[in-house]
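Letter by letter, the chains look like this.
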Amino acid sequence: MGKRLMLCLCCILCTVAGRAQDGNYSAAGIPEELCAGADAVMRYSSMDFKMKSVYEATERVVTVVTVLNGRGNVYADFGCYTDMCSRIKSFKGTLYDSSGKAVRKYGKSDLLVSELFYGLASDMQYHIIDVEYPSYPYTVRFEYEIEHKQGIMAPPGFYPVQGYRLGVQRAEYRLSLPEGAEYYVYAENMSPDPVSSEKRLGLVCDTYVLENFKPVDREPMMPRDTEVLPRLIFSCRDFSYHGIPGNMDSWASYAEWQWKLLDGRDAMPEELKKKVHELTDSVPDELGKVRALYDYLGQTTRYVLIAIGIGGLQPMTAQEVYDNKFGDCKGLTNYMKTMLDECGIESYYTEIGSGKKYLNDFASPYFSNHAILCVPLRNDTLWIECTAPNLPLGYVHTDIADRKALVYHDRTATLVDIPAYPDSVNTVTTSAEVRVAADGTAHAEAARTYAMTCYEYTMSLEHAEQKQLVDYAATILNVPSGKVESVVYTPDKSACPSAVLEFDASMSFPVMGDRMILDAYPFGAKILPRLSRNRVHDIVIEDGYRMIDTVRFRVPAGYRAEVVPSANVETPFGRCVVAVEECGDEIVAYRFLQLNSGRYPKDMYGEFKEFVDRIGGSFDSKIVLRRDTDEND
Amino acid sequence: MKLKLLTAFLPALLSTFLPAWSQETEPVFSREFGLVTDYELAMTRYDRDTTAAAVVIYDDSRVYYDYKPDNQIKVELVMEVSVKIKILKQEAVGVYADVSLPYNTADSGNRESISAISAASYNLEDGRVVRTEMSDDYIFTEQVMPGVGIVKFSIPEVRVGSVIEYRYTYRTDRLTHIPEFDFQMEIPEIYCHAHLEIPEFLQYTMLCYGDHPVRAEQTAFVKNVLFRQSQMALATNVYDYVAENVPALTGEDFVWNAEQYRTRIVPSLVAVLLPGQPGKVYELTWGGIDKVLDEAGFKAGFKYKNPYAKNVDKLFTEDEDRIRAIHTFVMNAVKWNGTYSCLPSNMSDVIKYGMGNSADINFLLISALEDAGYEAVPVLLKLRSMGEMPIAHPTTEDINTFVVMVRLPSGETVFLDGTDRQSTPNVLPAKMRVSRARIYGGDEYTGWVCLNDLGNNTTTINISGSVDSTGLFSGQAVIRYTDVDAMDKRKEVYGNGTEKYLDELEMDGSMEVEDYEMEVSDGGDCVVETYKLKKRFASTGDGLVMMNACIMPIVGKNPFADPVRTLPVEFDAAERIKVQCSIALPEGYAVEQMPENIRCDAYGSLKYVYMGRAVGNIFTSMSELSIGEVMYGADKYEGLREFFGRVAGSCNDMVIIGKSL
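Chains E and C, in that order, give the protein sequences.
When we follow numbering that gives the first Met the number 0, the leftmost residue of the first sequence carries the number 0, and every step to the right adds one.
When we follow numbering that gives the first Met the number 0, the leftmost residue of the second sequence carries the number 0, and every step to the right adds one.
Possibly wrong hints are sitting among the right ones.
[Claimed, not checked] Covered stretches of chain C (chain E as the covering partner; in silico rule of three or more C-beta atoms under 8 angstroms from a C-beta of chain E):
1. 373-382
2. 495-507
3. 590-600
Hints listed in this document are in silico derivations from the structure and should not be mistaken for laboratory results.
We put the CB at the ideal spot given by N, CA and C, even for glycine.
Start from the sequences and build out the full structure, keeping to the hints where you can.
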């Protein structure tokens, strides 16, 4: 009997060994497969979100992280934010050494509270603890509770894997709602189904779990986070935010709520009406009117962000923007729409996820972070970025291209697609003439034209002073001895924008006996896709483009091309053509590079590396000239 | 008569109908708050710097002490600031129309406040001047962290062509700390003025920095104040400083701290002589600074007992190994929390939690070294990123932290720092490798040391291999790093992890790397990398190969491309880099052409040599760059630029090999 009891006891102990949720924080208990390639391991995390009603909720969180090395410190740090509708009710933390022995306690007084905001003002407070320990591994446990009142748009999401090189032993999420309340879940890279559901004290509690997630490493040109890391986004059918009730059934029903925030924000001061008519009455076409008001917007307003309370979602009124001539994306978009309304041009307030955020069919405010204006003209639809009126009108910039947008119209909203430009129109074209003297010195006149997305990356040069322009041009000289002498940047801000960078440069090429070695492509910085040695993910090329170089070398008399480079490679990833031709005393070097955007299986990585090597090789291409010795006899 | 009357009144008649600014062809600026001239509104560029995106028309500060007589004098230091800026380009709009003013929110004795903010913009619209005042609704305060707040406001109606103006009042009960006056910004300043009224019982010396001339005037007046119900005549010293047409301060590469070159006035407290109280003198000597530090708590650091006495390894007998062992042990026992300080914190917490500031760790180091029988002394320093430590007129703000100097029985000295776990004896972190540091308790005039010439920082690259007829070089690299170069390499590899380091190595070197190994010597002051490499060079189909004569060039491009420079050039460390190559050619191939040998130097401390040789079917080359000094003044920039231009040219030279005839 005694032996059986002992055996049972040992079995129990073995079962619980290494489980952080049971209070064992020794680093030795972490499964090996979760440590390989990890900087830290989330031993256990739980989020308990209990919504008593649409107005009130509590959020209880426990996290236990073991940090394995210096790069993992970021996962140990504590951070959360509250605002005018939430407060931290309780907080405690404990730091453990590698054996699991507690070495430090944290309390609410250890929290560093900061209101520092990147915009002008907000109602947010950040609560932070920087955790440090002299040796690795170490473990830190935090437990805290936040009370929410009146400011619940949706339950927080379930992000069990907060970043890269992080293993996860077990992560739980419990969502409790009043019986009869409905919620929706959107899943990425994990199951949307709860592992259990129970009813207790009038609430229905659904539990989601993720276990034994092996760490994922980041590598260049990999798929987006949303395709790699697991997460769940939740929304409730009924919600109330700052006292305004709404329904998140669909984007259309959410839009009904958002319309309440947009109503009445377009009251226009008389002076502004007068100005709008002054600018547009004499312009015959709609596009011209839009352009006149867009230019006016750009010349008179600037971006200032104030995100306090409902102001984080509700635009400033047109009057307020007019009085101050500043606003955020919502305010400036509403302002531009108000002006277009006055001159009879239809336009729609539009929500979008910009940068790394993407709207999809699942209605949730989580996916949107920006507002733009949709202007459907007869022959085209304009997507106007009101916070950056230096962008050419009609051009769709990379942060809003290739994604869905939620267009508000007729008291509802519809998801529409904003396309991306094809790779073939995103071009950098260089045309240059290089006069080479017999001593190897050379003078070049070059013109480099950037079109579409390639133009966008050079936009800041429009107002650059000469020194900045020279510095920029110097970065695209592919000759170590090159010096830029004068630069002119001329943009063409049409709907298909481009810019020409013209510059003079001096350089010298090595003369070795009766040979001279020219760099075949002296212009264009050798910027190649970053590669990793051991590929794990598919290859994603997000921004495809074309680069076309034509360089005419006028070589000194008596010199002939002895060696010229050539290449012609075509792959699924793109194309690389190098061709050099001698025409009298001129040598013309032509290069065509194309990178195709797309997603490619990781098995093709070797082929991709070879292609990148070929592109890299083109930048190092040399033309060897040899002096005709007959002429020198 | 009528004609005379007409001509007399003609200018007045004309001015009624013509735009006002047409009369003012010469620049006319107003320094009166609330008054904007036509010229200011009409200007579209600043003639002295046509690249400027904005220009400060005036920046005026008035400092005085506000007495609130009572049974005791209650005094506040007050600074009233007024600023007027002309916006010339779009990129300046958001930068200067949105203003942030940090301040201390600490307890009494160090409290600051910012109040009485007013701001407005001025624009020309249809020939009229339109003034738009900022509403108080757009003034916000944020708590940045305990003890630090920030006031933010956004001025309305600001665009290209606007003139903006704002003022505020700064108050503090920290009477002995007058803020410094910056007379130089990232945009030009037309007129800067600081007016200080300082009562006689506060004695200051005014330190001037920067190159731009500043006019100074000093006067005094006597004021009657009520002190303990008696009238008292109090003399007040008045200082006025003016700088005009100050150019913009622009950042440049190879500068640790551009701020120290900013034209500015820094009031430095000398003494406090309050009536009826003993005077307190703030020495302006380094000896006095030591006393100030002691009183602030520095001396307490020496009292800490070494908690690791039993752990110090007594097996080593050579000084170098014992010191290294103590250094390593203390760094592993206590981790730096990221804060530089010269004052220790709570030592029992430091030992309990294993975390401390720079003073905590280095005082523990001193304690451990002394227990081992060494003489260890703090060496006070100002971090390179904070500017250079002054020789004269020091203040405690010129000391950010200290390192430890160990005097060996042999008379040699060794310098240690415990904040960076990759540092080793005499190999200090880059921020601490200063040209001038102060020995605590040292002689007033000779107690200085230089920390940027310690160690022997070298990188020696040996590459051997062969190139084939397609231009593919295959071989092995053995690279040896010492001292600072070794520390930097360890940080690079450990910081990112070996895999990421190799990814970068391959990309940056355009090569493939295999069988990578890194060996670190016991003391850490030497690192050796070995790896196999493949690198492709240009070749033709018909027997010519063009390869870089050094395989791995020391310098790719001349880092000094700008033709002009105003600030000195600062390198991280003096060092020597050498590359030696031995390349076997394909059978039947010989060197057809190779670069000429070159030797160049500049200022006696910059040296470069390249030598190449072909013997049989082996090509060998050696290139070596030596940077002997850490700092070169702006007057040496032209020579520096030329020197590195020649080095870059040589490093990128080709050797051409071809089939032997």
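Consistency of the hints with the structure:
Figure legend: the region 373-382 of chain C, annotated as covered by chain E; annotation inconsistent (0 residues with Cβ-Cβ distances under 8 angstroms, at least 3 required). Coverage of the region 495-507 of chain C by chain E holds [criterion: at least 3 residues with CB-CB distance below 8 angstroms; count 6]. Residues of the region 590-600 of chain C lying with their CB closer than 8 angstroms to a CB of chain E number 4, which satisfies the three-residue condition for coverage.
In terms of the numbered hints stated before, the structure departs from hint 1 and from no other.
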